[in-house]
Amino acid sequence: AQKITQTQPGMFVQEKEAVTLDCTYDTSDQSYGLFWYKQPSSGEMIFLIYQGSYDEQNATEGRYSLNFQKARKSANLVISASQLGDSAMYFCAMREIFQGAQKLVFGQGTRLTINP
Amino acid sequence: EAGVAQSPRYKIIEKRQSVAFWCNPISGHATLYWYQQILGQGPKLLIQFQNNGVVDDSQLPKDRFSAERLKGVDSTLKIQPAKLEDSAVYLCASSFTQPSPQLRDTEAFFGQGTRLTVV
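So the protein lines, in turn, are chains A and B.
Just so we're aligned: the first sequence equals residues 2 to 117 in my numbering.
Just so we're aligned: the second sequence equals residues 110 to 228 in my numbering.
Extracted from the complex, chain B is given alone in its bound form (with noise of 0.2 angstroms):
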């Protein structure tokens, strides 16, 4: 079974450039997030998709970052202007949805991330 697959792995912009990254979720996942994880810190979550819809993007600076997920599948995140403080990892995880909360709960799995350094 294919993982979540992510690209680029590594991207160094300037400040005020922009930048976009691609996920493509394990075959079959409704649900997609993007975490940012600066590091020495944990993952927090950027936003969430429910097939092509957004079910949380309370954490996502929308002055600046925008995501979209057509067709439910594949998904993007962008960033336009970056700032030296967007330079983090930025991970992509999938993961499938239960028909019913009575059901096991089934694990997020991770892309390898892509690594933004912003100079």
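Bound-form chain A, shown alone (with noise of 0.2 angstroms):
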């Protein structure tokens, strides 16, 4: 079963409009980590931001939001302001507990295409 799912392989937007990008999780622990990565084109995974299973306010990182549901299991990212560079694949990925030691897996990605 995917731990990680990410329902939109692409999303088109406009410069500086905002934009959300959908993950949503599967686990039955109580204590899970959430973190959102890019990827550009060079390759590299740059991480974005984190949120904690029992942070109990949305994490944010200067243009980058977590909107997390857990009820909902969902951990949506939102853009705001969005500009050219932020042209990139993102990626959704949760680190669980898994025999005593952590383990972080990963969704399938978002390609996000800024248009000016």
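Please keep in mind that the hints were generated in silico from the structure rather than gathered at the bench.
There may be inaccurate statements among the hints.
Claimed, not checked - Mimicking EDC-like on lysine to aspartate or glutamate, the simulated pairs with C-alpha atoms at most 16 angstroms apart in a straight line are:
{"no.": "1", "chain 1": "B", "residue 1": "K153", "chain 2": "B", "residue 2": "D166"}
{"no.": "2", "chain 1": "A", "residue 1": "K104", "chain 2": "B", "residue 2": "D172"}
{"no.": "3", "chain 1": "A", "residue 1": "K104", "chain 2": "B", "residue 2": "D166"}
{"no.": "4", "chain 1": "B", "residue 1": "K187", "chain 2": "B", "residue 2": "D166"}
Can you join these two chains into the complex? Each is in its own frame, and there are hints to help.
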């Protein structure tokens, strides 16, 4: 079963608009962490934002915010005022406890294209 | 602070040949991951180490892939023999392991990857 589901293979957005990238997850753990990474065409994985399962407030990092809805098991990434440089693949990932250690699994990604 | 180092950056081999990738994680990071990323897909975890012990290798094709992490620092991933479907980017990542699950998670830091082409 998929642990992390990203249902949007591709998104196209006009520059300066806000965009929401969807992520749902599946876990029976009470303690887990959710991450978003950006992967530009150059290939490196860049950490964007983190949300802990016990965090009561939604995480924010500059133009990035995470819309965390624990009961619905969703952790959507919101990018405000999008820029051309935001064009990239975006991956949602979850860290959960597996056999006493933390395991990090990724979704399939969403390709975001910002149009001028 | 030095990042995660991987080598080589690129490798082209013929099918049935063998290949090895090397990873040096960030100093002090106990957790090391090897991921396979096929073009257009998300990273797939192949193997995860905690110090020099294997935490999870459930998705590692053990008939052809092997990995080790000697002394809990550097790691090597080997493929022998390679198949066409092994063409992918192999990403190494490391993270600091918090002593308590109550402490804030830390993100995994990734190397630049090794792009393998099997012809």
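Checked hints:
1. Restraint check for K153 (chain B) and D166 (chain B): satisfied, since their Cα atoms lie roughly 11 angstroms apart, inside the 16 angstroms limit.
2. Note on K104 (chain A) and D172 (chain B): the hinted pairing is violated, with a Cα-Cα distance of about 23 angstroms set against a maximum of 16 angstroms.
3. Restraint check for K104 (chain A) and D166 (chain B): satisfied, since their Cα atoms lie roughly 11 angstroms apart, inside the 16 angstroms limit.
4. Between K187 (chain B) and D166 (chain B) the CA atoms are separated by roughly 14 angstroms; this keeps the pair inside 16 angstroms, and the hint holds.
Violated hint for the displayed structure: number 2, the only one.
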